[in-house]
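*Asks:* Now for the letters of each chain:
2 protein chains.
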Amino acid sequence: MKDSKVICVLSGGMDSTALLYDLKDRGAEIKAISFDYGQKHKKELHYASKNCGKLKVEHTIVDLSAITQLISNSALTGDIDVPEGHYEDESMKQTVVPSRNSIMAIIANAYAINIGYSDIALAVHAGDHAIYPDCREEFLIALQDLFNVNNYEKINVYAPYFDISKADILKRGLELGVDYRNTWSCYNGEEKPCGKCGTCTERTLAFVENNAQDPLYEHPEDWFKAVEYAKEQE
Amino acid sequence: MKDSKVICVLSGGMDSTALLYDLKDRGAEIKAISFDYGQKHKKELHYASKNCGKLKVEHTIVDLSAITQLISNSALTGDIDVPEGHYEDESMKQTVVPSRNSIMAIIANAYAINIGYSDIALAVHAGDHAIYPDCREEFLIALQDLFNVNNYEKINVYAPYFDISKADILKRGLELGVDYRNTWSCYNGEEKPCGKCGTCTERTLAFVENNAQDPLYEHPEDWFKAVEYAKEQE
Numbered sequence: 005m006k007d008s009k010v011i012c013v014l015s016g017g018m019d020s021t022a023l024l025y026d027l028k029d030r031g032a033e034i035k036a037i038s039f040d041y042g043q044k045h046k047k048e049l050h051y052a053s054k055n056c057g058k059l060k061v062e063h064t065i066v067d068l069s070a071i072t073q074l075i076s077n078s079a080l081t082g083d084i085d086v087p088e089g090h091y092e093d094e095s096m097k098q099t100v101v102p103s104r105n106s107i108m109a110i111i112a113n114a115y116a117i118n119i120g121y122s123d124i125a126l127a128v129h130a131g132d133h134a135i136y137p138d139c140r141e142e143f144l145i146a147l148q149d150l151f152n153v154n155n156y157e158k159i160n161v162y163a164p165y166f167d168i169s170k171a172d173i174l175k176r177g178l179e180l181g182v183d184y185r186n187t188w189s190c191y192n193g194e195e196k197p198c199g200k201c202g203t204c205t206e207r208t209l210a211f212v213e214n215n216a217q218d219p220l221y222e223h224p225e226d227w228f229k230a231v232e233y234a235k236e237q238e
Numbered sequence: 005m006k007d008s009k010v011i012c013v014l015s016g017g018m019d020s021t022a023l024l025y026d027l028k029d030r031g032a033e034i035k036a037i038s039f040d041y042g043q044k045h046k047k048e049l050h051y052a053s054k055n056c057g058k059l060k061v062e063h064t065i066v067d068l069s070a071i072t073q074l075i076s077n078s079a080l081t082g083d084i085d086v087p088e089g090h091y092e093d094e095s096m097k098q099t100v101v102p103s104r105n106s107i108m109a110i111i112a113n114a115y116a117i118n119i120g121y122s123d124i125a126l127a128v129h130a131g132d133h134a135i136y137p138d139c140r141e142e143f144l145i146a147l148q149d150l151f152n153v154n155n156y157e158k159i160n161v162y163a164p165y166f167d168i169s170k171a172d173i174l175k176r177g178l179e180l181g182v183d184y185r186n187t188w189s190c191y192n193g194e195e196k197p198c199g200k201c202g203t204c205t206e207r208t209l210a211f212v213e214n215n216a217q218d219p220l221y222e223h224p225e226d227w228f229k230a231v232e233y234a235k236e237q238e
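Which chain is which? The protein sequence lines are A and B, in order.
For the first sequence, the positions run 5 to 238 when the working numbering is used.
For the second sequence, the positions run 5 to 238 when the working numbering is used.
A portion of the hints provided could be inaccurate.
Each pair may be met inside one copy or between any two copies, as identical chains are not told apart.
[Unchecked claim] Computed list of lysine-lysine pairs in DSSO-like fashion (alpha-carbon distance at most 27 Å, straight line):
id	residue 1	residue 2
1	9	97
2	28	196
3	28	229
4	97	158
5	35	97
6	47	35
Hints are computed from structural coordinates only; laboratory data are not their basis.
It should be emphasised that the depicted structure is a prediction, and the values quoted were computed from it without experimental measurement.
Here chain A stands alone, though its shape is the one from the complex (with noise of 0.2 Å):
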């Protein structure tokens, strides 16, 4: 990645701002894109902003407030319940976003190539893939090959964390000094994480299994609570 020039999609949480820090740590020239599209987490992008903030990278939040009403059948999105358990879960189901990985990594592709940039870079991992489509890698070669036709300028995508635990991630986030009170996961976007919902529970079990306390959770009881939960749902 030295030298070379970089859209990072970039959330808010913990994967893809560990992501930002490794292309940083890699020496690529980096740009962040980030999308209001209606989440009921958007506290994220604020997370996403002080880390660009911290490396000194630009960064654009994208308003596609305007297609919430198009994609409102979904839990982050619409009146559905958060529902609460392990990401593997079948009503996990319910927190897939139509198409949204394709409509960020196409608008970054775009900007790519209005910016001459070569390559844009998503945070997928191997725990997304159970319940997320737009995770797999069958997705990923189809977004390559679309990016190879749908412009003359031919846009790489980079996904290293593609066939890596959610817990390496957070291994290495943790090595590149990723501070992680400056992330966020929970899909129910409230002041403190609820600590049950899928995303909440996957990022305990990551930190439990680097034998880390997620700095999100002040009050110990609340992470002894989280990571009991988290365990049961295994």
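Chain A is fixed; fit chain B onto it per the hints.
*Replies:* This is chain B only, laid out in the frame that chain A set:
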């Protein structure tokens, strides 16, 4: 297409308007979607709404003005003058908007999934292939491949004009009763068509081939000038 549920990607130009009428004629259940991406000729959206009103088709205009700054390096969206001449001229590459058809198609794909529709319809045609990569067969194939994997639901890409000339689409539109006063093509988006940009030239030649006059030209001398100019470009 009978009984199919189709989202028609509608620019307000002559091809997608004919497609809208065509889908109606074929008995499809239709919704239409248009995009404001900061195009200079956004008056096309007014005509899109007008035809939807006439055909009683629900019409959504998606405000993508937030991405205009990300796709500014095009004569259609940025500070570059709209080039004059024939569609197939090298200079027309300035009118390419990066990833435009991908962005529109993928948002339409998400919308289709959200409301249980089966198809998205695109009015790309044979005359577009020379200059626009995202109108070619390889693009449509890659798009369908992406649609097959990026969600649980597989949405079909319907592009019936893919191999048909603009003149033949116009012929079909005239048969279907399209009122071409209610369509807009000119990239300059001023009060009257300029008669010299690529899409004006192409439009004029399509009318000439059908032995018809473009009703957007109210004064015969304007029409004669446009015809003369277009024929010189052939």
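*Asks:* Each hint should be assessed against the structure and marked as holding or not.
*Replies:* Comparing the hints with the structure gives:
no.: 1; hint: 9 x 97; result: between (34 Å within a copy, 23 Å between copies)
no.: 2; hint: 28 x 196; result: neither (29 Å within a copy, 51 Å between copies)
no.: 3; hint: 28 x 229; result: neither (35 Å within a copy, 57 Å between copies)
no.: 4; hint: 97 x 158; result: between (32 Å within a copy, 16 Å between copies)
no.: 5; hint: 35 x 97; result: between (31 Å within a copy, 26 Å between copies)
no.: 6; hint: 47 x 35; result: within (20 Å within a copy, 33 Å between copies)
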